[in-house]
Structure formats: C-alpha cells, structure tokens
Amino acid sequence: MKNKLIELKDLTKNFDDQQVLRGINLDIYENEFLTLLGPSGCGKTTTLRIIAGFEEPSSGEVLFNGIEISKLPPYKREINTVFQKYALFPHLNVEDNIAFGLNLKKVDKSVIAQKVGRMLKMVGLEGFEKRDVTLLSGGQQQRVAIARALVNEPKVLLLDEPLGALDAKIRKNMQSELKKIQREVGITFIYVTHDQEEALSMSDTVVVMNNGEIQQIGSPTDIYNEPENRFVAGFIGESNIIEGHMLQDFLVEWDGFRFECVDKGFPENEEIEVVLRPEDLDIVSPDKAQITGKVISVTFKGVHYEILVETEYRTYMVHTTDYAEVGRKVGLSLGPEDIHVMWKMGAY
Amino acid sequence: MRKPKNGGVWMILPLYLFTIAFVAGPLIYVVALSFATANEGYGVTWSLTTANYTRILEPVYMKTFVQSFQLALTSTVLNCLIGYPFGYYMARLPDKQKKRAMIAIMLPFWVNSLIRLYGWIIILQKKGMLNHVLQSLHLIDKPLKILYSYPAVVIGMIYVLLPFMVLSVYSSAEKLDWSLIEAARDLGASGTKAFWTVTFRLTMPGLLSGIILTFIPSMGLFFIADILGGNKIVLVGSLIQEQMTRGSNWPFAAALAVILLVMTTLMIALYRKLTNAKKLEGMGWE
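Order-wise, the sequence lines are chains A and B. By our numbering, the letter at position 328 of the first sequence is numbered 328, and the numbering carries on one by one without gaps. Heads up: take any position in the second sequence, counting from 1, add 1000, and you land on our numbering.
Read the hints as simulated data drawn from the structure, not as lab findings. Ideal Cβ placement from N, Cα and C applies to all residues, glycine included. Incorrect hints may have been included.
[Stated by the list, open to error] Just some of the chain B residues that point at chain A, by a computed CB distance under 8 angstroms:
hint	residue
1	V1111
2	K1145
3	K1175
4	D1177
5	S1179
6	L1180
7	E1182
8	A1183
9	R1185
10	D1186
11	L1187
12	G1188
13	A1189
14	S1190
15	L1202
Turn these sequences into a full structure, and let the hints steer you where they fit.
Written as structure tokens, this is what we have:
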C-alpha cells in the first residue's frame, strides 16, 4: 500500500549530559500528515531537527527511502523546513525569498518566475512578488515561508510549530489551509506542535511524545478514544483517570463498583488505569446509577457545563449540556464503550 | 499632529546654544580661517585668499595626503580582515564567554592610549620583546627593524582602531537570527554559500560602519605616526598639528583640516548611499 519514506531507528540524542531522546522508533509514510505532539522539552523539535539534518543523532539511524542519511548535511536532503519564526531573509523581497533555493540550483530564470508565480497562487499571495517581507503580516510571512519550502519540490516538508506566533483566528484558517496544501502537493508533512487540538484536527497520524520517548502512535481518533497510558490521556483532552483492576476480559472494577467494558487482553486482576472522558459521563437521578455523589461546582463553558461531582471515593468531572445545581445528589451513568482501560504507567 | 507648545522651544534652546557655541561656531571659524593669511610670527590677516588651498596642491603636500590615504586604506583593510572574523565569532560565543571577551576588549580603554602606544615601543624596539622571542625561537638571525617604520605605524593603527571594528561587526552579528542560516542551508546552500548569501549580507551594515569608524580616524591619528613612525611618516594629521604649533600657520592648517573634513564627509555620504540603496540597515527582523 503506502511506502515507507523515513524510518527512525532507535534514535538517541544527548546534549552535554542531558538525554533528550531516549530511543525513538518511527516509520513515516509517503503522503502522510504526521504530527509530533508533546509538551515543551519532550524531544519533538530535536527529532525534527535530526530529520532536517541540523542535528546529528548520538546513536541510531535515519533512513530515507532505505538509505542512511543521518550524516548528510541539510542541503543534500530532499527535505525542506518551515521554521517557527519563518526565518525569511529580510534583505530579499517575497519573490527572491521563494526563489532562493532555485537560484542556488541555477535553475533557468523563466522557469523560476513561473514556479514562484504558481507557489504564490497556491498560498494565496498573487501579486506579492515585489513586496518587502519585513512588512508582511505574520500570516502572510507564514505563507511565504511555506511557498519558499515547497517550491523546491521536496519529498518531505517539516513544520516546526509554524502557527505558534499567529493569533487564534488566523491560526484556525491556516490549519485548514495547510491541510489543503498538503493534499494538493501530495507529499509528507511532519508537523511539530504542543497544541493537542491542532494535532487532532490536521493529522493522519499523531505521535505523542514525552520525556524523549514516544508514548503512542495512532490516528487522532485512536489517540483520543484509546489512550495507551495516563500521560496520553492527560495530555489530550480532559479526563478522569482512575486506578482499578481488570477482573477478567470485559470486566473492570474500581471503588468497589464493577463495570462491563470493551477492553480485553489484560492479565486477571491486573492493576490498570481507567480513563473516563468528561463528555462521556451523564448525570442521572441517583437511583439509576451505581456511582452517586453530590454536585460541588458548576462552571458554564459556552457549549456545555463543567460539573464536578464528589463521591465517597473521588471527584468526577462531567461535561454536559444539562444543568445541575450545586448540592444536588446525582448519579453518574456510563456505558461499556465509555470506559477506556490503560496499562499503568511504567508497567511495560 | 499636535503643535508643540511654546514652552517646548525653551526646553530645547540649550541644545541649540550648545551646538552653535561648540560645533557650528568653531567650524565656521576654521573655514573662515582657511581663507585668511598668516602674519609673520603670530596671528592672521583677514584678507580673503585661496592661497592656502592652492598650496595644498604642491607635490609635497599632495604626497602627504596620498600617504595618509594609503596608510588609512592599509590599516582599514587589515582591520576588516582581522576584525570581521573576530566580531563574528564573538557573537557566536556562549553568553558567559561573550561577556569575558567583551571585558577583554574594553579593558585597554581604561589605560591612556599614549601610554599603551609607548608599550608598543618596548615590544617593537630593536632589543624589544618581539625580536627577543623571534630570536630565541631561531626564526630570525638578526633583530628586525620594525620600530620607526611604516609597518610599526600600521600595527599601531590596527591596535588602536581594531576594537571599533570588532564591536561594530559584533553588534551586527549579534542581531542576526541564526535560523536564517539554517534556512539557507535547508534550501540547498552549503556552509560557505550560506555565509556569503545570508550572513555576510546581513552583517554588512556592521562591517561598513566599522570601516567608517576606523578609516576616518586613521586619516588623522597623528600621534601614532609620531610615536611609532619616528619622523619618517608624515600624515595629514601630523601636518596640521605641525602647522598649528611650530609652523604657526593657522590658515594653512585650517585649509588642510577643511579638506580632510570634506573627504571624510564624502566617505560618510557614500556609506549612507550604499546602505540606503541596498536597504541594509534598520530592518524589522528580530
């Protein structure tokens, strides 16, 4: 089906005596929108810089189409980068910025003009050829940066938190535009961000990283619905994380309650953690649920209320459009598919 | 725009007075003086004449200008070659070392420059440190005669003016966003290519202002030539000083000063034209 384009094999990276990557194994496919997601300092940018060629790994391999490239300088790789702060050349105008790579390759002038024109059209900046890049808005600079990278027809485009400096509204627009551009040019995008919502809405594959290690690789739906551990569940979306036991396949227990679930393959009586997404919980009358408690706080969040329900054992967070006043006794209902069982952190 | 209140005029009046008294006044006086005639002995006669300027055209004085220009050019070129890499690498040092390097550059300024130049006599003289070291390393058989020669003056010029070049390049390189060089490398430029297409272009304002800061003084720094060059190297600066003191010919000294001023002003005009035309300065990059 799809071809493997880049393979990272057991990559590690040390800066001085600090280990920032602790064995990264990752396959990246052709025509894939892959996002490296994680908090700052998790190693996502370092991974990107190793793929770009700005850093050499301390150990491990980087294969590009099956060929080891970790010692190859950046200018010999079929990979281009969109930098966090765009890094446009202030002494060149829009056209010359985009043509920078082609000029270095001594491409014919008329071909360059044609390609630059096509790129500007794609990023929606027609007629901006002679503009001064330093006078463009953040969003426009971003588009120039994307055009400057894509005009070289790379096999892979790396994007290092490219929307970080833009305000919320432009960021939303650019998200869908980036996705559109990726489909149009049909190449692999490797995108680095710490914004989980951005990662989920744009990517084909999300790679969640923490502390120099990959926590989970999967589609946005998988990552959200089936987080593999407490870190992923906590980092992506809000969740109630509860320690419990897996009594047998499809049967989980916590706080003395037993629930049917859809998970299997855990050893009997294994200590596990359960993720309950706040939007999966429903508030019902106390006689209709196993879990009962008292509402201790209600916050209006725009679309829904965030309600905290305190039970004998713990406090649950519930997102619901139904209102329940503070102090009311309520029950919490949940179905088998609302329960996500994870291995305990450090158990593997 | 709001018109400034009348009080504003009084606030900036001292500045005008100061400029008139200490900048414009003396300048006008020098220009006027250059058209006067020197008396026998002391003082001047205020009769309008261009004789002082035609006298500059005499070969002996023209030669002084040419020699000054050559020396200034030599020391400026050497200053660029030493100062540019120096300032550039200084800007790339880690913060802590950057501070140390800065202190090392500033330290000599705390000692009077004449005293520091006399230090060079000790180093360069026939039985000085330099010859001693070279001889004990068996690199030379007999001592080099550097002191009171052209090279000694060039060494002195570079010594005095290098910090200005270094700091000026440094301030320009320090502002440079290093991700631009990464961007150039990413887009297909080798290290050398990235340097010439991006780094050098963007640090040019620093280099150019360094050139101005070193070239102009080196036209006029007479005491370096006096101390390290003996009497052999006569520069415009020394000539002016000579005419002011021993020659007692203030009008001629004034004419020489005016010509020097015109030359340096033209240099600055050229610099501004170069930088404005290429839009190298005052750009809004972080």
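A quick look at each hint next to the structure:
1. V1111: Violated: closest Cβ of chain A sits about 39 angstroms from V1111 (chain B), beyond 8 angstroms.
2. K1145: This hint is violated: K1145 (chain B) lies away from chain A, its Cβ roughly 47 angstroms from the closest one there, beyond 8 angstroms.
3. K1175: K1175 (chain B) check fails; min Cβ-Cβ to chain A is 11 angstroms, beyond 8 angstroms.
4. D1177: 7 angstroms, holds
5. S1179: The hint holds - S1179 (chain B) has a Cβ within 8 angstroms of chain A, the shortest such distance being about 4 angstroms.
6. L1180: 5 angstroms, holds
7. E1182: Nearest chain A Cβ about 6 angstroms off; hint holds.
8. A1183: 4 angstroms, holds
9. R1185: Constraint on R1185 (chain B) satisfied, holds at 5 angstroms.
10. D1186: 5 angstroms, holds
11. L1187: Nearest chain A Cβ about 4 angstroms off; hint holds.
12. G1188: Since the shortest Cβ distance to chain A is 5 angstroms, the answer is holds.
13. A1189: Holds. Min distance 6 angstroms.
14. S1190: 6 angstroms, holds
15. L1202: 6 angstroms, holds
The earlier numbered hints that this structure contradicts are 1, 2 and 3.
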